[in-house]
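Engineer: Using the sequences and the hints given, assemble the complete structure.
Following the working numbering, the numbering of the sequence shown begins with 93 at its first residue and continues without gaps.
Please keep in mind that the hints were generated in silico from the structure rather than gathered at the bench. Possibly wrong hints are sitting among the right ones.
Claimed, not checked - Restraint-style ranges between C-beta atoms, simulated for each label pair:
1) D147 <-> R337: 42 to 52 angstroms
2) V160 <-> P130: 21 to 31 angstroms
3) V160 <-> T331: 13 to 23 angstroms
4) A247 <-> H312: 10 to 20 angstroms
5) P339 <-> L276: 20 to 30 angstroms
6) R292 <-> R136: 45 to 55 angstroms
Ideal placement from N, C-alpha and C gives every residue a C-beta, glycine not left out.
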Amino acid sequence: MAAEDEDLTGPEGARPAPEPEARPAPPDEHRPEPRSVPELLLGRPPMARPLPSFDHEAAPAEPGPLFVDWLATALDAGVLDPQAFTLSTVDADGVPDARVLVLRDVDAAGTGWNFSAAADSPKGRQLADHPAAALSVYWPQLGRQVRVRGTVERAADLVAAAEFATRSPAARVGALVGRQSEPLGALAEYDEAVTVARRRLEATPDAVAPGHAVYTLWAHEVEFWQGDAQRRHVRLRYTRTGPVRSPEWSRTLLWP
93 MAAEDEDLTG
103 PEGARPAPEP
113 EARPAPPDEH
123 RPEPRSVPEL
133 LLGRPPMARP
143 LPSFDHEAAP
153 AEPGPLFVDW
163 LATALDAGVL
173 DPQAFTLSTV
183 DADGVPDARV
193 LVLRDVDAAG
203 TGWNFSAAAD
213 SPKGRQLADH
223 PAAALSVYWP
233 QLGRQVRVRG
243 TVERAADLVA
253 AAEFATRSPA
263 ARVGALVGRQ
273 SEPLGALAEY
283 DEAVTVARRR
293 LEATPDAVAP
303 GHAVYTLWAH
313 EVEFWQGDAQ
323 RRHVRLRYTR
333 TGPVRSPEWS
343 RTLLWP
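Structural biologist: Rendered as structure tokens:
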């Protein structure tokens with residue numbers, strides 16, 4: 093008998109014991125069983141907490157000052173990232189698109205919301221093709237939502253350069269990296285691009301990212317929504333009755 097056969101059979105010609113059948117690992121006793129979405133949400137009703145009231149009759153004639161007041165209230169209440177908002181646009185096929193951005197400023201008199209973006213990004217291209225958008229913000233601790241619809245106007249490059257200088261170093265480095273929303277092979281590629289962009293910014297502190305743009309959403313319609321645990325939501329809609337940037341508005345109370 094060959095040596096390799098001996099190794100296989102073992103002493104005295106005994107055959108090796110058969111390999112045990114693979115069995116599924118016992119369930120982790122500490123791991124909860126997967127639950128459906130309705131089960132996850134059951135017993136967690138939205139806005140089941142004390143919320144502020146909203147006296148719509150005392151609201152100002154224009155929506156801009158009211159938004160600034162609500163934003164200040166959100167800051168005082170400790171709302172996380174109160175300047176974050178969702179910007180909704182449409183692509184070339186008319187399909188809606190949305191993402192969360194950071195509010196840069198508010199023209200309370202003209203009722204315009206300012207934000208920045210890369211002109212060559214998907215949202216920048218969508219706004220160039222169809223300069224209209226919707227903006228929405230929700231402050232959970234207050235149960236308050238604001239919805240804005242209107243036309244979008246791109247500011248001059250000098251305005252964009254001045255706004256770029258006010259951004260944090262990290263934000264400027266990220267903008268200098270560019271290539272937003274393009275496919276990325278590995279995070280290491282991004283880290284290398286950040287290193288290059290950081291060195292560029294250190295060498296040229298006044299550098300501005302190519303295509304950096306500032307936009308203003310001039311509102312045609314603004315809705316203020318105050319939630320209520322009993323679903324007695326108060327909704328007040330402002331509709332512009334004059335030309336853009338004019339202080340001419342009508343107010344309408346809406347059904348919840």
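Engineer: For every hint, state whether the structure bears it out.
Structural biologist: Here is what the structure says about each hint:
Look at D147 against R337: about 27 angstroms separates their beta carbons, and that is not inside 42 to 52 angstroms. Between V160 and P130, the C-beta spacing of about 39 angstroms breaks the proposed range 21 to 31 angstroms. Range check, V160 to T331: Cβ separation about 19 angstroms, and the 13 to 23 angstroms hint holds. Take A247 and H312: their Cβ atoms lie about 19 angstroms apart, and the range 10 to 20 angstroms holds.
In this structure the hint that P339 and L276 lie 20 to 30 angstroms apart at CB is violated, the actual value being about 46 angstroms. As the Cβ distance of R292 to R136 is approximately 48 angstroms, the hint placing it in 45 to 55 angstroms holds.
Of the hints listed earlier, those the structure fails to meet are numbers 1, 2, 5, in rising order.
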